[in-house]
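Here the protein sequences come in this chain order: A and B. Take the first sequence: its position 10, counted from the start at 1, is 10 in the numbering used here, and no numbers get skipped. Take the second sequence: its position 332, counted from the start at 1, is 332 in the numbering used here, and no numbers get skipped.
It should be emphasised that the hints constitute simulated quantities derived from the structure, not laboratory data. Incorrect hints may have been included.
Pairs count within a copy or across copies, as identical chains cannot be separated in the list.
Here are the simulated SDA-like pairs of lysine to any residue, each with C-alpha atoms no more than 25 Å apart in a straight line [to be verified]:
{"no.": "1", "residue 1": "75", "residue 2": "37"}
{"no.": "2", "residue 1": "286", "residue 2": "399"}
{"no.": "3", "residue 1": "416", "residue 2": "441"}
{"no.": "4", "residue 1": "416", "residue 2": "267"}
{"no.": "5", "residue 1": "416", "residue 2": "125"}
{"no.": "6", "residue 1": "191", "residue 2": "454"}
{"no.": "7", "residue 1": "186", "residue 2": "332"}
There are 2 protein chains.
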Amino acid sequence: MEIKELYKEYKKFVGKSVETAGWIRNHRVSSNVGFIDLSDGTTIKNVQLVYGKETEDFEKITHLHIGSAIRVTGKVVESTGGKQDFELEVEKIVLEGDCPEDYPIQPKRHTREFLRSEAYLRPRTNLFNAVFRIRSLAAGAIHAYFQSKGYIYMHSPIITASDCEGAGEMFQVTTLDLDRVAKEGKVDYSKDFFGKKASLTVSGQLEGETFAMAFSKIYTFGPTFRAENSNTTSHLSEFWMIEPEIAFCDLNGLMDIEEDMLKYIINYVLNNGKDELEFLDSFVEKGLIDKLTKLVNSQFTRITHHDVIKLLKEADVEWQFKPEYGEDIAREHEKYITEYFDGPVFITDWPKDIKAFYMKQNDDGETVRAVDLEVPMAGELMGGSQREDDYDKLVTRMKEMGLNPEDMEWYVNLRKYGSCTHAGFGMGFERLVMYLTGVENIRDVIPYFRAPNNCEY
Amino acid sequence: MEIKELYKEYKKFVGKSVETAGWIRNHRVSSNVGFIDLSDGTTIKNVQLVYGKETEDFEKITHLHIGSAIRVTGKVVESTGGKQDFELEVEKIVLEGDCPEDYPIQPKRHTREFLRSEAYLRPRTNLFNAVFRIRSLAAGAIHAYFQSKGYIYMHSPIITASDCEGAGEMFQVTTLDLDRVAKEGKVDYSKDFFGKKASLTVSGQLEGETFAMAFSKIYTFGPTFRAENSNTTSHLSEFWMIEPEIAFCDLNGLMDIEEDMLKYIINYVLNNGKDELEFLDSFVEKGLIDKLTKLVNSQFTRITHHDVIKLLKEADVEWQFKPEYGEDIAREHEKYITEYFDGPVFITDWPKDIKAFYMKQNDDGETVRAVDLEVPMAGELMGGSQREDDYDKLVTRMKEMGLNPEDMEWYVNLRKYGSCTHAGFGMGFERLVMYLTGVENIRDVIPYFRAPNNCEY
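Could you put together the complete structure from these sequences and hints?
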């Protein structure tokens with residue numbers, strides 16, 4: 001019986017024997033009695049095993065090491081006082097796998113740096129149990145949300161010969177023998193696996209649009225890659241993205257969806273991840289649950305980039321970066337704006353020169369129908385836009401930005417074959433998990449992080 | 001209003017005006033009346049628009065091209081006879097995006113080869129609408145199944161420095177400038193992005209095991225890669241895999257899960273993909289729905305590899321490949337076995353020399369606790385095993401197979417730090433989609449296929 005089930009149903013089993021299995025998290029022995037904290041990872045909670053002189057193999061049990069895997073038979077007893085609701089009076093313990101005393105994960109506080117260096121063991125700690133459980137719940141919520149609304153889950157290709165944004169450093173994918181390339185002194189892509197240069201995708205959006213033009217509503221949820229040399233707490237070389245794309249939808253409709261989706265995910269996690277959030281609220285980010293609850297009850301503000309700059313200029317603040325019309329905004333500005341409106345803010349209609357080629361141009365000739373969602377304490381959580389649906393405007397803009405429309409004929413053709421108003425956004429999954437857990441280093445919210453000079457496991 | 005919703009609720013709207021939008025699939029005009037088949041992709045069904053001389057802009061509407069995107073306002077009218085339940089009497093049509101007459105997707109039968117060459121347009125056909133909708137439903141079912149049972153969804157790394165099976169050709173991932181490598185005549189991995197050679201994963205299993213040792217039950221669902229030079233209808237260079245891993249679970253428990261999961265997915269698709277399955281049953285695989293219904297009602301057989309070989313040897317069949325103890329079985333054998341038992345068959349306890357190093361060794365010294373699931377008309381749909389949980393046996397076997405345990409210290413350490421009985425399996429997602437849809441070429445069940453010399457989009 002799983003420990004999670006046991007917690008749900010222990011009242012039914014009081015006075016009865018149950019079987020469970022797990023790993024020893026802590027073990028305290030006195031002369032006549034011993035206590036074992038057992039975890040099977042199905043919940044963040046441990047179950048306490050109690051044994052005494054009268055227990056079969058008392059002596060042997062006292063020597064069980066922390067980290068060992070055991071199977072237990074024990075009688076469910078309601079606890080009197082103490083933190084547990086119940087405990088198990090041990091009837092029998094079978095050792096499945098021992099664990100040496102130099103086991104790196106001991107019942108004490110480990111630094112996150114240390115745990116990052118033992119990443120394959122860190123999910124055995126309470127912190128990472130909570131983080132990866134919330135991550136899993138959030139992913140489940142995302143699929144549940146889009147599936148229930150009839151979106152088609154589309155697997156965008158990972159290896160690609162296109163470069164979405166015309167920017168973004170990409171990883172090359174090859175089967176060429178590099179030693180041979182070095183020896184022969186030339187690169188012959190005709191001999192490479194795909195017969196041409198190929199890379200890892202930086203976004204599934206463009207392919208996503210092709211599916212939106214057939215199914216009306218699609219979403220992707222897959223890994224994306226950036227070969228940027230940034231060793232920071234907020235960048236990964238490999239991360240997961242959600243990229244919905246919706247036909248017959250404009251920028252306002254898109255913001256409705258972003259807001260609805262985010263509130264759904266957070267509600268789902270609040271409802272299904274109570275124990276984990278309480279732990280994270282106590283030990284990682286004080287006020288986490290209030291922060292999340294406030295968000296689901298808030299109304300998101302919608303304001304143009306122009307009006308944001310105006311507001312920032314009028315603010316009585318000594319800015320490190322001076323806000324300017326036509327320019328991007330800095331972290332300090334994002335922070336000010338979300339505090340000013342005391343909640344999430346959609347900033348729309350950005351200067352076209354700092355945004356991607358595929359965004360719908362406004363009639364002013366200066367701005368595009370882009371939207372960034374700024375969330376208090378999270379910064380930019382989603383970025384999206386209405387897409388340019390006019391063939392000529394798209395092609396002209398691509399050329400202005402140094403892109404060759406012929407390299408993406410299939411993409412521009414979407415504007416030739418039944419083009420329509422459509423919009424989409426991208427959300428970095430790890431950014432979301434950081435927000436949901438309060439964890440501040442992005443390397444701590446993904447099982448095995450990839451960064452410059454870091455590719456362990 | 002989406003066409004899917006309209007089909008569900010049209011009775012409520014009879015006699016009333018509704019608005020919808022979509023793409024013109026077919027258009028027939030006579031002198032006084034016109035018929036448009038409109039699709040928005042939210043269902044495989046079209047809605048029929050009817051207009052006549054009295055309709056606003058009659059003349060203009062008659063010239064609307066196939067493939068165009070339009071918005072329509074029309075009155076819901078119950079159909080008398082014909083195939084539709086209802087139709088829309090057009091009140092107003094607004095053209096969103098025209099489509100030239102040389103649009104490649106016309107209302108006629110296109111070959112799959114042709115559609116593969118226009119892969120970005122093929123989801124606009126009924127066949128691919130059905131296929132990718134079933135694909136999405138199946139993915140949704142998989143997440144719903146595992147999430148509801150408390151499994152943790154784990155994102156295994158895509159870029160890796162380990163090679164799971166010690167086999168399988170891998171794609172290399174690099175940021176080295178190959179022209180420079182050629183020019184300088186040497187490869188310096190210290191200058192590569194990760195400071196060492198890195199590749200695309202062939203399986204998330206080994207990393208999945210690290211999480212199973214913390215959460216008891218996990219699953220992965222992500223892309224995996226094989227750089228094999230096989231241009232067949234059943235291989236892809238990039239495909240999606242589901243890899244659950246369960247602690248405190250033996251081979252019998254694993255088979256229970258495999259059977260339960262497969263039946264759940266198929267039931268889910270039968271319940272939620274009726275229209276699509278009916279279409280596929282009519283036009284792709286006659287008897288598809290019966291095949292799937294039979295599977296969910298069947299009892300899966302469990303038999304050892306040894307007994308399978310015995311059975312094959314005793315069969316009165318002229319084999320192309322002679323069945324032998326200690327050897328793999330061929331397609332013709334798989335087919336015979338599933339027909340013999342008239343249902344899915346778990347074949348267990350395979351000769352160790354044809355299986356991977358991490359599979360649990362049986363006491364006979366000859367076989368391992370592996371299991372392949374053979375499904376009628378699908379062949380091998382899942383492969384799994386109980387994992388070797390004994391440190392010494394694992395290390396010895398790795399050395400016998402030419403692997404260096406030190407290269408995967410973290411993996412072997414799982415057998416040192418609280419090892420336990422555990423098991424897991426892998427299911428290729430595209431193989432499953434082929435089975436669910438009856439489509440026979442694997443390139444037709446993934447949005448954009450990757451194969452030798454094929455990397456379009």
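(Q) Reference check for the pair residue 191 and residue 454, CA-CA at most 25 Å: within, between, both, or neither? (A) Classified as between; 13 Å across copies, 30 Å inside a copy.
Q) Can you tell me if residue 286 and residue 399 fall within 25 Å by alpha carbon in one copy, between copies, both or neither? A) neither (50 Å within a copy, 50 Å between copies)
Q: At 25 Å max between alpha carbons, let me know whether residue 416 reaches residue 441 within a copy, between copies, both or neither.
A: Neither way: residue 416 and residue 441 sit 44 Å apart in one copy and 30 Å across, limit 25 Å.
Q. Between the shortest in-copy and the shortest cross-copy C-alpha distance, which are at most 25 Å for residue 75 and residue 37: within, between, both, or neither?
A. The answer is within: 15 Å in one copy meets 25 Å, while 67 Å across copies does not.
Q: Tell me, please, which holds for residue 416 and residue 267 at an alpha-carbon limit of 25 Å: within, between, both or neither?
A: For residue 416 and residue 267, neither the intra-copy (41 Å) nor the inter-copy (40 Å) Cα distance is at most 25 Å.
Q: Can you give me the call for residue 416 and residue 125, within, between, both or neither, at a CA distance of at most 25 Å?
A: Between copies only: 17 Å across chains, 55 Å inside a chain, cut-off 25 Å.
Q: Could you place residue 186 and residue 332 in one of the four classes (within, between, both, neither) given a Cα distance threshold of 25 Å?
A: For residue 186 and residue 332, neither the intra-copy (49 Å) nor the inter-copy (46 Å) Cα distance is at most 25 Å.
Hints 2, 3, 4 and 7 from the list above are not met by this structure, while the remaining hints are.
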